[in-house]
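Protein sequence lines, in the order shown, are assigned to chains A and B. At position 389 of the first sequence the residue is numbered 374 (my numbering), and the sequence of numbers has no breaks. At position 171 of the second sequence the residue is numbered 173 (my numbering), and the sequence of numbers has no breaks.
Quick caveat, the hints were computed from the structure, so don't treat them as lab data. Some hints here could point you the wrong way.
[Unchecked claim] In silico DSSO-like pairs for lysine-lysine, Cα to Cα no more than 30 Å straight-line:
hint, chain 1, residue 1, chain 2, residue 2
1, B, K234, B, K293
2, A, K149, A, K1
3, A, K(-10), B, K40
4, A, K101, B, K40
[What the hints assert, rightly or not] Just a sample of chain B residues kept apart from chain A, beta carbon distances all over 10 Å, derived:
hint, residue
5, W20
6, L35
7, T91
8, T96
9, D281
The C-beta atom is built at its ideal place from N, Cα and C for all residues, glycine as well.
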Amino acid sequence: MTYNKVIGAVEIGTSKVVVLVGEITGGRSLNIIGMGQSTSRGVKKGEIVDFRAASDCTYAAILSAEKNASATIEGVYLAQSGGHLEGFFDKGEVSVSSHDGLVSKSDIDHVVENAKRKEVPAERVYIHHIRNGFYLDGRLVDDPYQMKGDRLEVGYWHVHGHEKKVADNIHVINGFGLQVEDMILSGVAAGSMVVAEAEKTHGALLLDIGCGTTDYVLYRNGVIQRTGVIRVGGDHLTNDLSLGLRVNPKHAENLKREFGSATLELEDPAEKVWLIGDLTIGDRAIPRKAIGQILNARVEELFKIVKKELGSSVNRQELPGGVVLTGGTSRLPYIADLASNVFDLPARIGENPAWVREDLREPECSCVLGLLHYGLTAERSTEEKKPKSGILGKMTRLFNIS
Amino acid sequence: MKEPSSKSNRSSAASLTWRTIEQKGNRKAVTDLARKRKRQVYLKTAVAFLAVILLISSLGLSVYFFQTIRAQFSISGSSEPLRLIHFETDGVLTREWFATTVPIARGTKLMDLDIHLIKEKLEGFGQIKETTVTRKFPYELHISVRERVPVLRARVSTARGSKPQERLISREGVVYEGMAYAANRLESLPYLGGVRFSTGPEGIEPVENIRELVRLLALARTRYPEIYDDWKIASLRQPGSALGVDHTLITIKSRNVKEVVFTPPAFEWQLGQLEQIIDHSRQRGIRVIKKVDLSLGDQVVVQDFPDLRRKRFRN
């Protein structure tokens, strides 16, 4: 007997809401069966500032996705971003309890519990406890069970957010009669799609540059070492163009998309482009280089902020995997080159896996695809934990039915 | 990034996670889309709930019927030969009549009796309106009968050319052969005249449209018993029926008034008028009146026999 579940991956972004519908068959395979998008309203810097407006556009996207999938979503995996998210590293430690020095299950449970016990301020809630790895007498081990040692440590990167802002996101989904099954950081979700396992193992930095925020995730030894959110995104580039070129934001956005570039070295340094392009009053030709200069400055600043936050951990020895860029703003030409220059690391634009449909391979879809991936993983672990007892379970095992 | 608290600040209580935020399924919908969606969800839930209720009910009924049938099977083992028959009726039939009509062989086991057949047989008699036959284990049979009440008599030929036989007519118009009635009770009933009886597969067809006649007879019997006792034949006519006019005429033939014509619905007033006419005639020494027509609204037509005026009123 196969068990099917329809899940929705929802990303309530600053510029748009994206919903993907996936059908999980037997807790093992995932089919992407529908997609819905709507222009976002009521969201600034990844945080909800107008509940009704944000709800309205989220529901429109969900309905569109459900209609596209001809299915009803049963549970939601929700992306979480915003400047209110913070993180810190903490370690738990215990002495190995058995007299023969072998690590027991109870030692592992105690050290994990110990590491997660740190309190956050009253108005904040934990989003994730991301395990960095176990250390047995100071050496990194994958699984310390039944290994010999005296002192067991475990490191966690704890991510926490403002309770009310997190609750707003959840309540938008609840208002549509749906439950949030899990909440995943936007950057973590996107990274699961575009960063290769080898890069994670050697060390890599993911930058998910969205419209309102930039999420970063630092991988090392195959695990997430650090995450963060910078309150700068594609909107700032548009805004800078609007102010710098004295043009309204709509036209600035068009200029960014059409002529924008993160480099100062153009093929034709004297090339001029029309500001609006329809010869209306106020339309004028401007050097294309000016657009590049403005965008280059802002993107460079963004990368420098990230570099400053990460400090000494950003170097070729620590991150030989380099920088992986994703998110809508990563479409800006030459942005990978700029990242490479600023971080002094190899940089590339992340690509979604080849097994997804072509229209989902855009960098904006990395996050929702990652959410679905997490949904599948969660369902798979739930299925595995289910005891197959009784006659039905025995028959299922006997005939190898799943 | 800020670090929340130092190691020395650790609490024994677990810190809150986003999962501690209450997720309300019944959270108020703030947009039209959400409201529409919620209505659809409620509707689906209600349909599913009803389906479950139906399923449970049908399962319950199945179990009930199964157990009932099983109970009957299990009881049959303890069934004993019939020893006692309780026969009760709201009419005149007796236990002896039942014993003669539905003979049951001695030593028949209670479970071997076909109670449906007994019921069918009893209800085949026109006099019986409804029958309930119940087994009372281990050896009793209970029969409860509701009988029809006769209001008229009739002489009916059951076959072409056969001699007319006396039958009774119930309030519902059912024509039946009366059994076990006291003779004086039947003698007081007037005959129904002017009706052509037809025979169907189940015997003589019931008489139609006698509701008003039954009402008149019941009123006369309870309120004017002296007048009623004198009535011999009651007949029913609907002269306007061919024209679609609902106008019923009831003609009563009696000894002292040879013909009285009533028409619904004001029977009480008409009977009062008739009583006054009879009293007045008596005072004047008129014994027999030829005709009183009470069917003309507030006009009453009285015809008498001039040559009988001086004869003494017999009653």
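Could you check the structure against the hints above and give me the numbers of any it violates, in ascending order? 4, 5, 6
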